[in-house]
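Please build the complete structure, drawing on both the sequences and the hints.
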Amino acid sequence: MLITDDFLPVPVPESLSATYLVPMTGLPKVSAKTAVQRLSGRLAEPVHGLARQMLDSPLMSVDTRSIDEFPALPPDLLTAFGATEAQLARLAAASHLVVVQAEYRPGWPPAHEWAARAVAAAVAESVDGDVVDVFGLQFLDPASALRSLPDAQGRIRLVDWVLVPYSSDAEGLWFTTKGLRRFGLLELQTQGVPDHLTRAWGAVMTGAARRLLRDWTDGLAGEEVPAFVQLPVLATVTGHDIAVAYGNPEQHGATAPVLLRLELDPATDPDADSFLSLRPPAGHPGPDGRYYAAACATLFAGIQPDVRYARPGDAMSKAIATARAGLGDIRARFLAGQLPPETQLVVKYGLPGDDGPEFVWAGVTSWDAPERIEAASASDADSDPTVRIGSPVVVEAADVVDWAVLDGTGVIEGGWTQAVLDAGERPGPPV
Numbered sequence: 237m238l239i240t241d242d243f244l245p246v247p248v249p250e251s252l253s254a255t256y257l258v259p260m261t262g263l264p265k266v267s268a269k270t271a272v273q274r275l276s277g278r279l280a281e282p283v284h285g286l287a288r289q290m291l292d293s294p295l296m297s298v299d300t301r302s303i304d305e306f307p308a309l310p311p312d313l314l315t316a317f318g319a320t321e322a323q324l325a326r327l328a329a330a331s332h333l334v335v336v337q338a339e340y341r342p343g344w345p346p347a348h349e350w351a352a353r354a355v356a357a358a359v360a361e362s363v364d365g366d367v368v369d370v371f372g373l374q375f376l377d378p379a380s381a382l383r384s385l386p387d388a389q390g391r392i393r394l395v396d397w398v399l400v401p402y403s404s405d406a407e408g409l410w411f412t413t414k415g416l417r418r419f420g421l422l423e424l425q426t427q428g429v430p431d432h433l434t435r436a437w438g439a440v441m442t443g444a445a446r447r448l449l450r451d452w453t454d455g456l457a458g459e460e461v462p463a464f465v466q467l468p469v470l471a472t473v474t475g476h477d478i479a480v481a482y483g484n485p486e487q488h489g490a491t492a493p494v495l496l497r498l499e500l501d502p503a504t505d506p507d508a509d510s511f512l513s514l515r516p517p518a519g520h521p522g523p524d525g526r527y528y529a530a531a532c533a534t535l536f537a538g539i540q541p542d543v544r545y546a547r548p549g550d551a552m553s554k555a556i557a558t559a560r561a562g563l564g565d566i567r568a569r570f571l572a573g574q575l576p577p578e579t580q581l582v583v584k585y586g587l588p589g590d591d592g593p594e595f596v597w598a599g600v601t602s603w604d605a606p607e608r609i610e611a612a613s614a615s616d617a618d619s620d621p622t623v624r625i626g627s628p629v630v631v632e633a634a635d636v637v638d639w640a641v642l643d644g645t646g647v648i649e650g651g652w653t654q655a656v657l658d659a660g661e662r663p664g665p666p667v
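The sequence shown begins at 237 in my numbering and counts up by one.
The set of hints was computed from the structure by calculation and includes no laboratory data.
Idealized CB from N, CA, C, for every residue including glycine.
Each hint should be verified, as a subset may be incorrect.
[Stated by the list, open to error] Computed list of lysine to any residue pairs in SDA-like fashion (alpha-carbon distance at most 25 Å, straight line):
| no. | residue 1 | residue 2 |
| --- | --- | --- |
| 1 | 554 | 657 |
| 2 | 414 | 371 |
| 3 | 414 | 504 |
| 4 | 554 | 649 |
| 5 | 414 | 363 |
| 6 | 554 | 565 |
[To be verified] Quick list of the computed label-pair ranges, beta carbon to beta carbon:
| no. | residue 1 | residue 2 | range |
| --- | --- | --- | --- |
| 7 | 261 | 461 | 34 to 44 Å |
| 8 | 458 | 282 | 19 to 29 Å |
| 9 | 292 | 454 | 24 to 34 Å |
| 10 | 305 | 521 | 54 to 64 Å |
| 11 | 508 | 565 | 55 to 65 Å |
| 12 | 450 | 509 | 16 to 26 Å |
The structure is reproduced here in structure tokens:
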């Protein structure tokens with residue numbers, strides 16, 4: 237193995253395993269094979285066939301056990317990862333667990349995860365129950381579990397498989413990933429992230445996970461599983477990585493790449509996890525938090541999310557009027573494909589909130605009807621928990637207060653309200 241300053245050797249486990257549970261009262265109504273057969277036509281064939289094959293192989297086991305035979309699942313952690321009271325109540329009332337376990341070699345596809353989740357979802361659907369992902373300590377309803385599986389082209393949303401929890405300490409926020417070990421890769425962490433970057437850095441971590449997972453699986457593509465995969469010490473993350481990880485590959489995220497240095501942080505406790513730490517490149521002046529803020533500004537192209545204003549002044553009113561006056565023209569150019577190459581059209585619109593409207597940005601994906609815009613959110617919203625980075629949104633044109641055309645350097649056209657907020661400048665005439 238060649239060791240250089242440009243690559244970091246990361247150990248590869250010999251095998252990987254997945255465990256899913258289906259809590260139920262009484263015994264299963266149908267067999268796992270029958271439940272999986274009922275998914276025919278509803279599940280992409282590569283995964284449907286994979287689940288059937290693994291059910292017939294020693295690589296997968298499906299057992300029904302009394303719930304008392306299985307270690308109790310911690311309700312506090314399940315709640316922290318999104319469990320509802322109804323799901324916890326069904327778990328408490330369950331008499332049995334169907335335990336689906338699968339093993340496979342590291343590499344792509346992660347057959348153990350895809351097949352085990354598909355089988356568990358099929359069994360849960362047959363009893364109108366829940367799936368518990370033991371690795372992620374998450375409840376999944378059967379429909380969500382099935383939607384998370386690959387489509388006919390083998391594509392997934394990484395956010396359905398990798399979580400990004402965080403906690404606070406004296407140095408700032410500590411972010412980790414929870415899910416990369418499904419694929420054999422060490423989890424990522426970043427420490428000392430400024431508090432105001434909570435949402436943005438979570439998206440950056442997800443994009444970094446996507447990029448490194450691709451490098452990881454490329455290193456496992458051979459017939460033999462290597463002992464180590466060499467990952468680049470300087471990892472690049474782009475807006476496109478973030479968009480793909482959130483399931484919006486059409487949002488190319490035309491941003492300059494951000495460099496993050498990869499460091500191996502081995503655990504000193506044999507029962508604890510080792511991490512791959514994301515740090516600023518060597519030689520970066522100033523505190524790490526300053527670099528993280530600059531990285532977010534680059535990846536989100538200078539468009540600041542969650543901007544609020546309750547009483548727009550004269551300059552802001554003129555900015556909004558200027559933007560709205562240009563909506564018809566920018567829509568026509570968007571539909572005609574006349575925007576500059578490698579650019580993205582974004583719109584800013586208002587969401588109702590307790591403290592006044594919350595204004596967020598979204599990348600336009602289609603604009604067939606003049607009054608309705610289909611887009612992907614560019615940020616998480618405080619006032620609406622369904623609006624998350626990368627999530628599809630429908631924007632009424634009447635609610636649009638600004639628009640902008642972005643390239644790799646930021647705003648090249650539009651963005652009049654942002655100019656007022658950022659610099660206190662009065663907007664000029666449309667370009």
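Verification of the supplied hints:
no.	hint	in the structure
1	554 with 657	holds (13 Å)
2	414 with 371	holds (9 Å)
3	414 with 504	holds (19 Å)
4	554 with 649	holds (16 Å)
5	414 with 363	violated (29 Å)
6	554 with 565	holds (18 Å)
7	261 with 461: 34 to 44 Å	holds (42 Å)
8	458 with 282: 19 to 29 Å	holds (21 Å)
9	292 with 454: 24 to 34 Å	holds (30 Å)
10	305 with 521: 54 to 64 Å	holds (58 Å)
11	508 with 565: 55 to 65 Å	holds (58 Å)
12	450 with 509: 16 to 26 Å	holds (22 Å)
Checked against the numbered hints given earlier, this structure breaks only hint 5.
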